[in-house]
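A.B. asks: Next come the chains, spelled out residue by residue.
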Amino acid sequence: MSKGLNDSRTDFPILDQEVNGEPLVYLDNAATTQKPVSVLQTIMHYYEHDNANVHRGVHTLAERATEQFEAARDKVAAFINAPSRKTIVYTRSTTESLNWIASSFGNAMVNEGDEIVISELEHHSNVVPWQQVAKNQHATLKYIGLTADGELDMDDARKQITDKTKIVAIAHASNVMGVVNPIKELAQLAHAHNAYMVADGAQSTPHLKVDVQDLDVDFYAFSGHKMLAPTGIGILYGKPEILDEMEPTQFGGEMINEVHEQAADWKESPWKFEAGTPNISGAIALGSAIDYLNNLGMDNISAYEQELVDYTLPKLTQIDGITVYGPHDPAKHTGVLSFNLEGLHPHDVATGLDMDGIAVRAGHHCAQPLMEYLSCEATCRASFYFYNTKEEADRLLDALNEVKEFFANGTSKAERTV
Amino acid sequence: MSKGLNDSRTDFPILDQEVNGEPLVYLDNAATTQKPVSVLQTIMHYYEHDNANVHRGVHTLAERATEQFEAARDKVAAFINAPSRKTIVYTRSTTESLNWIASSFGNAMVNEGDEIVISELEHHSNVVPWQQVAKNQHATLKYIGLTADGELDMDDARKQITDKTKIVAIAHASNVMGVVNPIKELAQLAHAHNAYMVADGAQSTPHLKVDVQDLDVDFYAFSGHKMLAPTGIGILYGKPEILDEMEPTQFGGEMINEVHEQAADWKESPWKFEAGTPNISGAIALGSAIDYLNNLGMDNISAYEQELVDYTLPKLTQIDGITVYGPHDPAKHTGVLSFNLEGLHPHDVATGLDMDGIAVRAGHHCAQPLMEYLSCEATCRASFYFYNTKEEADRLLDALNEVKEFFANGTSKAERTV
Amino acid sequence: MGLAKLNELYKTVIIDNANYPRHKGQIADPTGEMQLKNPTCGDLIKVSVKVDDGKIADVGFTGSGCTISQASASLMTTVLMGKDVKTARRLILAFSKLISGGDIDDEDEELLGDAAIVGSVAEFPTRIKCAALAWHAMDEVLDKTQKS
Amino acid sequence: MGLAKLNELYKTVIIDNANYPRHKGQIADPTGEMQLKNPTCGDLIKVSVKVDDGKIADVGFTGSGCTISQASASLMTTVLMGKDVKTARRLILAFSKLISGGDIDDEDEELLGDAAIVGSVAEFPTRIKCAALAWHAMDEVLDKTQKS
Ligand SMILES: Cc1ncc(COP(=O)(O)O)c(C=O)c1O
Ligand SMILES: Cc1ncc(COP(=O)(O)O)c(C=O)c1O
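Chains as they are written, first to last, in the numbering used here: chain A, 33 to 450; chain B, 33 to 450; chain C, 1093 to 1240; chain D, 1093 to 1240.
Simulated from the structure, these hints should not be mistaken for laboratory data. The structure presented is a predicted model; accordingly, all values stated were derived computationally and were not measured. There may be inaccurate statements among the hints.
No farther apart than 25 Å at their CA atoms in a straight line, the calculated lysine-lysine pairs in the DSS-like style are these [said to hold, decoys possible]: (1) K299/B x K1236/C; (2) K118/B x K1239/C; (3) K118/B x K196/B.
One chain only, chain A, in its complex shape (with noise of 0.2 Å):
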């Protein structure tokens, strides 16, 4: 069997298991992927080497964790091409960055007839904080559609996008339609309304290069998990003259500059944003975690999906009774699939791959807007890292074959109204 590129699939210990008897094929990424044993190795290593609370002390393991915390603040800044590590807050994850966003930069920037324009393909996520502000703020909400292919339909942007919106927020990539929406012309149609942009990179930054100021986004958020690193980190970059603007929304610890008995100030950006202990082990870990992925190289990292996509895409399509959502154009289409077979419910579909050792999820993937949009209620979804195979992506195939043989003859045309 083939080992993923550049033999990496070796890297991770947890792929070589069986699950219910079977070699496990792990196409679970989009909700959260693997760990490389060099980032393991560095978790380990700063427990048993360095740890100790950064910034705050003057002993010999505490500047080395501080060191360290820092260092990886820079990696952060270069894999993205921030313009520097002050742009670069650590957060839990791309929820939290893009809560942030709103709940402070957002409540103060939007007012009463104001505009939101966000689009029908975003994660819950990018909806529910928009939400929010909009309650609060009086404004309104407005969604971008999809076009009959599942990409966002660029020529509704510009109808939704007027000179009330003040804030325009989409995902970079879709983790249902396995699209790339094109931020960077977004980010043009809202600056030229004087409202800003926000990117939700949570698809994105793992599989493809991100250049934040050649997107020249506002603002842009993004999870550690779902690029190697460990859960509990995740990033929120700013412009730098916005996170300067930008309240913190929470306050304590080392956030603060002087605390006197009825007022406080804070920290210049990026710390000013970071209350309390943050996750040093994750923010260091995720460092390495960018070590690895510049090492394989973000460009090979798309090829090498882009491969597996043509490969699995056409065949996938090509079974019997299946719908395929997003485009249909292998080229158009990242490592995500959304796909249901007819008459089957996802779980019952998800379940019989797990049988097969394949774990790929079901539900409505925290897209219950694009549900509605798309009049189904949950789907399948399978979705590539660069440590999967074409062998895998054939055991994904034929387990769908099986499945749906199984429900037709073993027993069932078994019910669902989905």
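Model the placement of chains B, C and D with the ligands on the given structure of chain A, informed by the hints.
C.D. replies: Coordinates of chains B, C and D with the ligands only, in the frame set by chain A:
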């Protein structure tokens, strides 16, 4: 050399190293503790066998991850004798827990003219969030003073807490003064005035048996990293009926029940508070840390630390020219020892100790109002955990005398307007 | 191959109940109703019950979802129809134990009848919630009925 | 023992400058002032400078803090007094390099004189910020002076 409580020292590989050519003596446990092998192994095992996103998948790994994540919640609940897993919310840290309480519950409960009561010995994380609530709601933030000995002045508490008081928020144990505050009594006092009681358990939960039902607190907050768990995981306990009413502060991801284009509603507690992918490995590792602590026994830990204090405090106070903060009666003192040497800046002292392999903290310990109150700018702080030993206490005492001598004779009576 | 194990979950009775659900539909004059949803997957079950003189005189369900949730709802209505409320709640508890891999009384197992077959879901932990949905909803309805 | 290494940091010149700081106090008619604080430890330095015809005609500092921050401020004022602004900024840059463990020009090293001795702080990473405080403050003042 002795090996700490039950030889536990050997479980902490990081302690077995030289710093600046001397065996490390880690006495910065109030900032963060070291991690035992069993906790590190839990993290590794999780990432090498079970890693997946929680609550979202129907595949085997997702089920394993979810199962462990929720089992850890049960361990936390049992550890502080909370009535059920539903009262245990995962956060990043004590700081985040306190911020969520203040910004959601606090802003909802406190109205114009109301009062919030904290104390002179609070950590910034239990000061600044309440300053924000007071500012937002045009309420008053009041401080309970300290006795000459550095204990909470309960006479003053009875004066400060009145029918105007809506919230009383106090550290269970101080991170500077080495005192344990009478939270149960304060809760009674608060409740007698229909106020709510918030306890900051960052410095108590790692060191003594906590029973939130016996204390009858409405909220309790603490951090994993100060009790053997990794950074990036903290706990917010709330009484069930209060959490049910309290609104989340972050939105999106799996905290949601239903999302439509213009509105959404939430799951039940505690899940409604946990927006986005949580720190899964951190939570599971916290469960493992609790196993470790239970195995030693919290009462044994308290007793052992008391022995260290009984041994060290009298010797420390005898050093010529030293000021030791907090009660001088060892029975009233926790393993947090703050002090200053006359004429020496704490930074210079800490550097001296660091050169001798001894890690202590120097600074304001995120307690600037307390520093103002004590009229000093900074202190040195040595803080014990159960893996520390009397031999290490001796090393500290010896080194302090040498540092004193160095600056006295070596060359100097080096300045310092401290 | 792995799929063979599927037969353990999707037994004939289950497939049959999913394809031809019993008591599906809204009943007349319900004394209690409850809709529950599994937010993760969108499975939705609404149960209605008519309690008369301490006995379940009529019961039905509506909703949509996977094979397991539909079959389990169908089997539940069959079991509970005609039972007195106390027995019904005992059986719900027994079912709940069964699907979490616990042991139950022989008597309860007999009363559960075909529904006990759903117990095999215990080996498919990712699907226990699907099996439990209708029973949870019914338990809440009956709890309210008893209290009022 | 470990403390022996302390001599490398707390050299006689440093202790001397901490005990008997040069140019400590507020100067008359400053053209620029800047207060900086190290929020972690509370070290506080305020520098004042009088620039006349492109030259530093007078310079002073006030504040409190540890031996290193006080000594470094004192040594800085001694070095910069009388220098033209361009040279001063070059020397600040050189000092900044030196304390981060970098190499600098022989000429700059000579001009820094005793202040170069603070360079040994490079081996004490936890104290680099203390050494840098006054110099950072001065750099910001001179930057403003040049721009205005
Ligand atoms: C497009 C998109 N946005 C946001 C998120 C939320 O990420 P996290 O759960 O790490 O906060 C996800 C992942 O589930 C996603 O796919
Ligand atoms: C009493 C007290 N409260 C709160 C905190 C904040 O904890 P964290 O930094 O983990 O949020 C600390 C620790 O620094 C503390 O000692």
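A.B. asks: Going through the earlier hints one by one, which of them does the structure break, listed in rising order?
C.D. replies: Violated hint: only 3; rest satisfied.
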